[in-house]
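Novice: Using the hints, position chain V against chain L.
As they're listed, the protein sequences go chains L and V.
Mapping to our numbering: the first sequence position 45 is 319, numbers consecutive.
Mapping to our numbering: the second sequence position 11 is 285, numbers consecutive.
Hint data in this document are derived by calculation from the structure and do not stem from the laboratory.
It should be emphasised that the depicted structure is a prediction, and the values quoted were computed from it without experimental measurement.
Be aware that one or more of the hints could be misleading.
All copies of an identical chain are treated as equivalent in the list; a pair is satisfied when it fits inside any one copy or across any two copies.
[Said to hold, decoys possible] Simulated pairs of lysine-lysine, DSSO-like, Cα-Cα distance not exceeding 27 Å:
1) K438 with K651
2) K304 with K651
3) K685 with K304
4) K347 with K329
5) K594 with K280
6) K347 with K336
7) K347 with K280
8) K636 with K278
9) K480 with K594
10) K304 with K438
There are 2 protein chains.
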Amino acid sequence: MALKKKPVTGMKDILPEEMVIRDYMIRLIKETYATFGFSSIETPCVEHIENLSSKQGGENEKLIFKILKRGEKLKLAEAKEEADLVDGGLRYDLTVPLSRYYANHANELPAPFKALQMGNVWRADRPQRGRYRQFMQCDIDILGEPTILAEIELITATTTLLGKLDFHNFTIRINDRRILKAMAAYSGFAPESFDTVFIILDKMDKIGLEGVRSELISEGFAEESVNKYLELFAQVTPDAQGVAFCREKLEGFLDAQYADDLMIIMNSVDQIKGADFKLAFDPTLVRGMSYYTGPIFEISMDEYGGSVGGGGRYDEMIGKFTGQSTCACGFSIGFERIVMLLMERGFKVPGSSRKVALLVEKNMPADKMITVLSEAKALRDEGVQTTVAVMKKNKKFQKDQMTAEGYTEFKEYYVDRM
Amino acid sequence: MALKKKPVTGMKDILPEEMVIRDYMIRLIKETYATFGFSSIETPCVEHIENLSSKQGGENEKLIFKILKRGEKLKLAEAKEEADLVDGGLRYDLTVPLSRYYANHANELPAPFKALQMGNVWRADRPQRGRYRQFMQCDIDILGEPTILAEIELITATTTLLGKLDFHNFTIRINDRRILKAMAAYSGFAPESFDTVFIILDKMDKIGLEGVRSELISEGFAEESVNKYLELFAQVTPDAQGVAFCREKLEGFLDAQYADDLMIIMNSVDQIKGADFKLAFDPTLVRGMSYYTGPIFEISMDEYGGSVGGGGRYDEMIGKFTGQSTCACGFSIGFERIVMLLMERGFKVPGSSRKVALLVEKNMPADKMITVLSEAKALRDEGVQTTVAVMKKNKKFQKDQMTAEGYTEFKEYYVDRM
Numbered sequence: 275m276a277l278k279k280k281p282v283t284g285m286k287d288i289l290p291e292e293m294v295i296r297d298y299m300i301r302l303i304k305e306t307y308a309t310f311g312f313s314s315i316e317t318p319c320v321e322h323i324e325n326l327s328s329k330q331g332g333e334n335e336k337l338i339f340k341i342l343k344r345g346e347k348l349k350l351a352e353a354k355e356e357a358d359l360v361d362g363g364l365r366y367d368l369t370v371p372l373s374r375y376y377a378n379h380a381n382e383l384p385a386p387f388k389a390l391q392m393g394n395v396w397r398a399d400r401p402q403r404g405r406y407r408q409f410m411q412c413d414i415d416i417l418g419e420p421t422i423l424a425e426i427e428l429i430t431a432t433t434t435l436l437g438k439l440d441f442h443n444f445t446i447r448i449n450d451r452r453i454l455k456a457m458a459a460y461s462g463f464a465p466e467s468f469d470t471v472f473i474i475l476d477k478m479d480k481i482g483l484e485g486v487r488s489e490l491i492s493e494g495f496a497e498e499s500v501n502k503y504l505e506l507f508a509q510v511t512p513d514a515q516g517v518a519f520c521r522e523k524l525e526g527f528l529d530a531q532y533a534d535d536l537m538i539i540m541n542s543v544d545q546i547k548g549a550d551f552k553l554a555f556d557p558t559l560v561r562g563m564s565y566y567t568g569p570i571f572e573i574s575m576d577e578y579g580g581s582v583g584g585g586g587r588y589d590e591m592i593g594k595f596t597g598q599s600t601c602a603c604g605f606s607i608g609f610e611r612i613v614m615l616l617m618e619r620g621f622k623v624p625g626s627s628r629k630v631a632l633l634v635e636k637n638m639p640a641d642k643m644i645t646v647l648s649e650a651k652a653l654r655d656e657g658v659q660t661t662v663a664v665m666k667k668n669k670k671f672q673k674d675q676m677t678a679e680g681y682t683e684f685k686e687y688y689v690d691r692m
Numbered sequence: 275m276a277l278k279k280k281p282v283t284g285m286k287d288i289l290p291e292e293m294v295i296r297d298y299m300i301r302l303i304k305e306t307y308a309t310f311g312f313s314s315i316e317t318p319c320v321e322h323i324e325n326l327s328s329k330q331g332g333e334n335e336k337l338i339f340k341i342l343k344r345g346e347k348l349k350l351a352e353a354k355e356e357a358d359l360v361d362g363g364l365r366y367d368l369t370v371p372l373s374r375y376y377a378n379h380a381n382e383l384p385a386p387f388k389a390l391q392m393g394n395v396w397r398a399d400r401p402q403r404g405r406y407r408q409f410m411q412c413d414i415d416i417l418g419e420p421t422i423l424a425e426i427e428l429i430t431a432t433t434t435l436l437g438k439l440d441f442h443n444f445t446i447r448i449n450d451r452r453i454l455k456a457m458a459a460y461s462g463f464a465p466e467s468f469d470t471v472f473i474i475l476d477k478m479d480k481i482g483l484e485g486v487r488s489e490l491i492s493e494g495f496a497e498e499s500v501n502k503y504l505e506l507f508a509q510v511t512p513d514a515q516g517v518a519f520c521r522e523k524l525e526g527f528l529d530a531q532y533a534d535d536l537m538i539i540m541n542s543v544d545q546i547k548g549a550d551f552k553l554a555f556d557p558t559l560v561r562g563m564s565y566y567t568g569p570i571f572e573i574s575m576d577e578y579g580g581s582v583g584g585g586g587r588y589d590e591m592i593g594k595f596t597g598q599s600t601c602a603c604g605f606s607i608g609f610e611r612i613v614m615l616l617m618e619r620g621f622k623v624p625g626s627s628r629k630v631a632l633l634v635e636k637n638m639p640a641d642k643m644i645t646v647l648s649e650a651k652a653l654r655d656e657g658v659q660t661t662v663a664v665m666k667k668n669k670k671f672q673k674d675q676m677t678a679e680g681y682t683e684f685k686e687y688y689v690d691r692m
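Just chain L, with the same shape it has in the complex (with noise of 0.2 Å):
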């Protein structure tokens, strides 16, 4: 029988080229994050189809890949819906296992904990250009430390990473979703009404600030508030200043020491920071996830149109889950947008670029060949990356080939010289 040849609809194979990339990448995470005393964990893939339908994922739940009961437990002929059928998925990110491996270790865990979590989710998603149905998530979490230390950690370790990545004016767009919700009542929202306005808002950098308004208008908001509303955007600036514009501003709004702290934040990361990039604040930020309770951050390239990664505090997620109230922080760097970012630029990973390629005759015998392997051992031994390849009837097309792969040196052994 033939194989179907072609992977699964929507996701890919990685040829050796973007693995090299990604193998690199992966080193220099985990080295990274190990250098800020972030600690690997790691999940099964497939989770209980009960924790993955809480209600926590929004939209993502709707894509989860689902795994058919086995054995004895498949009824199929009383089956009367899905949920009948399944009783796992795939995982669709990596906030719901950590929720849930938090819950079952936390006894066995520090206090603080520094997570790092590496590893694929499935998303049953529209198949579309350069966006996958299986991709890598690369996420860091600091659960159970309240204070900004939190935030200014993960901010310091990511930027660092994407600096160590060749990264370069970048900028990290930072804001609270309290100063998000302050803006919103101080113009006369109603708190129920506030996810649609945030929704529309969200759009400010694709429509602009005229269609915010139009949008708000026509979903039936008053005036008066839309447009009490935009003048607050026109006024801040993006940077601290304009944080301390709304802490004056939305007095009686919002708690002060909010805006202080997101100061101190954009302050001390600005000072340490080790790579080359900007931070903003920016009001218009929104993050889609409900869950993020106070600062929210995301990082904007402009050689990429969209955002490369983002995250923030979500002080009662993982309470909701576990019935223990534990105060939490994250930052997830988009994985499969920065490989493909490297991948455009032509990134070469530094390091050795010695590659030996020792070809030998055909047919050549046994006790020759010990000094030809023995050779390979030695440089081996040295690191170098050596293969041994019977030597083909056309050896210029051979070492040509050799060459696109990355050979650069080429020893050749013949029966009757040796």
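Specialist: What follows is chain V alone, placed relative to chain L:
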């Protein structure tokens, strides 16, 4: 809603302590195999259900985690059997996906192609101690190399890796499926009964020669054949001389070339070996999968009862899948078993053990905090694992806990002493 705290049945959460070993192993494996010229590749964890059910996977095909169709494709009311409901499954090994990958990308890959795959596979096995339903596999394969250079390189690469992981005194047991068959044919067994004979032979190390004898007899095989067969095993020595004995004894049943090749493999690997291990010819070695066509090998360690890895030549499998004949040979190490052995040994990952904790008094003002963060930055820039933590009330307890986590140095910062 409270979350289910335990992982799904048969799968496990990995704690930081184990992850340190896993991450180290992954790095060492990638580095070591790279020096042998193997290229990393990756396939999706989800595979077409047709590919997984193509009869190449043997018993593993009964253990597939199947994935429900999604959206309009799922016709629950019309479904008559399981197959109507699923379109994918989690891969149960890395060999079937490798065949698909090679069929899909042969034109983009060098010939021969040396592939390294590390990735999770899933099998819905009965849960038992130390065996999990999600586990990491680590395979190297050489596709398109017909000569025994493939076997020599695979065994040398694998044993070099094990040596770097500080394993000694392990044994590589080696045989050839064609010697296995020739011994059975020589003894008078009919080809169609070979599989039955081999399943019994495979138990030799558990039930001994007499156990094998009585099982073969009770299976109804002629006593003459059984006696002739077992006499062979009693005569063969576990070394190259044993192969030479087979070469002579099995004349007419075995192409002498196969025996010569096996002797050259054994001799070459032995002469260039960089680790401390034994090579043994083991004519009772069967290897479960029927797709093997030539030399087969397995790693035995006294520390661990069973096999910790194995492989062999499977020249016909890829062709069956792809329609294009491609010779292939692979070696897989039991990643999880090796992790387990290292954990049991109390293995410590080599490298810098300096870990610094900067403990900061509560409510440290922002300007003084910068001093601490800058110090953390300087240490991290040097590659030192550094964490900044808020001082707890019970500072002694906090430091004891961090010491247990591996922190070796503490610095304390007080508001009024800065």
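Novice: All hints, please: hold or fail.
Specialist: The hints, checked one at a time:
no. : hint           : verdict
1   : K438 with K651 : between (33 Å within a copy, 14 Å between copies)
2   : K304 with K651 : between (30 Å within a copy, 17 Å between copies)
3   : K685 with K304 : between (37 Å within a copy, 25 Å between copies)
4   : K347 with K329 : both (25 Å within a copy, 24 Å between copies)
5   : K594 with K280 : between (42 Å within a copy, 16 Å between copies)
6   : K347 with K336 : both (24 Å within a copy, 15 Å between copies)
7   : K347 with K280 : between (32 Å within a copy, 19 Å between copies)
8   : K636 with K278 : neither (35 Å within a copy, 61 Å between copies)
9   : K480 with K594 : neither (34 Å within a copy, 52 Å between copies)
10  : K304 with K438 : both (12 Å within a copy, 21 Å between copies)
Hint compliance for this structure: hints 8 and 9 are not met, and every other hint is.
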